[in-house]
Amino acid sequence: MKKRVDNNFKTILIILFALAILTPLGILTQNPAFGEWTQEEIKKMLGFVPEGLKKYAEVYKFDLFDGYSVKFISNQYIGYILSALIGIAVIFAIFFLLKHLMTERK
Amino acid sequence: MHIPDGYLSPQTCATFYAASVAAVGFAFAKFKKSVDEKTFVHLSVASAFTFIVMMFNFPVVGGSSAHITGIPLITYLFGPFASIIASAVVLIIQALLFRDGGILALGTNVFNMAVAIPLTVVFVDSILKTANLKNEKVRMFISTYISTNVAALLTAVELGLQPILFTKAGKPLYFMYDLKTTIPAMMVPHLLVVGVVEAALTILLYSALKNFAKIEK
Chain A
1 MKKRVDNNFK
11 TILIILFALA
21 ILTPLGILTQ
31 NPAFGEWTQE
41 EIKKMLGFVP
51 EGLKKYAEVY
61 KFDLFDGYSV
71 KFISNQYIGY
81 ILSALIGIAV
91 IFAIFFLLKH
101 LMTERK
Chain B
1 MHIPDGYLSP
11 QTCATFYAAS
21 VAAVGFAFAK
31 FKKSVDEKTF
41 VHLSVASAFT
51 FIVMMFNFPV
61 VGGSSAHITG
71 IPLITYLFGP
81 FASIIASAVV
91 LIIQALLFRD
101 GGILALGTNV
111 FNMAVAIPLT
121 VVFVDSILKT
131 ANLKNEKVRM
141 FISTYISTNV
151 AALLTAVELG
161 LQPILFTKAG
171 KPLYFMYDLK
181 TTIPAMMVPH
191 LLVVGVVEAA
201 LTILLYSALK
211 NFAKIEK
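Protein chains in written order, with the UniProt record's numbering: chain A, 1 to 106; chain B, 1 to 217.
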């Protein structure tokens with residue numbers, strides 16, 4: 001049983017990795033998502049940026065991986081794939097930590 | 001569907017933070033009772049899958065783009081509580097690391113997707129079961145389709161209420177288009193395209209993955 005679990009897990013990891021490589025397909029569309037515009041886009045649409053929107057839009061400043069790009073990598077497709085892999089790695093790290101925190105206390 | 005910062009008033013953000021913390025906290029308390037090592041494998045796989053699926057944007061009617069969430073699928077595979085936790089983690093990472101969805105808006109985004117979708121799936125599925133709809137795939141299609149549209153409607157209403165509730169000298173303070181614009185703009189693509197894609201994918205991948213979920217249990 002343990003062996004089958006490991007094999008299954010390995011298959012899932014391979015699938016996730018393959019999907020990560022394919023993620024650039026997700027930015028082939030140039031259409032913006034409704035209600036996810038930048039301040040410049042809003043200014044173009046309305047002629048102004050609402051006061052409150054301007055005030056709160058930039059409260060969070062961390063932009064190393066802004067919009068699934070990587071700051072030092074100019075190729076947006078490679079940045080997107082790297083972001084996918086970083087995201088997956090962080091997710092696994094979080095649950096690995098959580099597992100240790102929650103099962104050791106028992 | 002990921003609302004950025006500045007689009008919602010602080011009052012709206014605070015309200016949905018409270019609702020999301022309560023809901024995710026409840027899910028976590030429930031989840032903790034049945035926890036073993038395998039459940040963490042479930043959670044990490046479910047989270048990673050949801051995260052990656054949301055990166056596939058595709059063009060939809062009306063000149064905008066959208067993506068599915070994968071949350072209905074993980075709800076069917078691992079249950080609502082694991083699904084709420086897994087998708088909440090995804091939304092937190094998306095906001096903190098990739099600036100997809102705001103920090104102030106995070107409570108609202110968690111509510112719309114991580115809380116509302118799994119609960120709608122479970123709720124609609126149980127109604128259909130009570131109504132004696134025996135075909136699992138049909139139930140799955142209907143529940144998933146409705147859950148995707150509930151999330152879109154919540155987003156549309158939250159955004160569309162901003163210029164009605166919060167203005168200064170006749171100008172919007174936060175999001176600028178009211179319900180007359182946001183509801184059709186969100187609902188037409190989700191009713192016609194996104195809901196159908198999400199439902200079809202849920203059925204397809206559920207049959208492929210249910211063995212994984214079972215063996216892991």
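Simulated from the structure, these hints should not be mistaken for lab results. Any given hint could be a false lead.
What the hints assert, rightly or not - Below 27 angstroms or equal to it, Euclidean Cα-Cα: the simulated DSSO-like pairs (lysine-lysine) are:
1) K54(A) to K210(B)
2) K33(B) to K44(A)
3) K38(B) to K210(B)
4) K71(A) to K99(A)
5) K171(B) to K99(A)
6) K38(B) to K43(A)
7) K210(B) to K44(A)
8) K38(B) to K10(A)
9) K180(B) to K99(A)
10) K33(B) to K55(A)
11) K54(A) to K32(B)
What the hints assert, rightly or not - If you want the footprint, here are the derived chain A segments under chain B, 3+ residues with CB under 8 angstroms:
12) 28-38
13) 51-58
14) 71-79
As the list claims (entries may be wrong) - To give an idea of the chain A side of the interface with chain B (calculated C-beta under 7 angstroms), a few residues:
15) L16
16) T23
17) D66
18) Y68
19) I91
Every residue gets a Cβ at the ideal spot worked out from N, C-alpha and C, and that includes glycine.
**Study point:** Structure versus earlier hints - violations, ascending order
**Key:** 1, 2, 4, 5, 6, 7, 9, 10, 11 and 14
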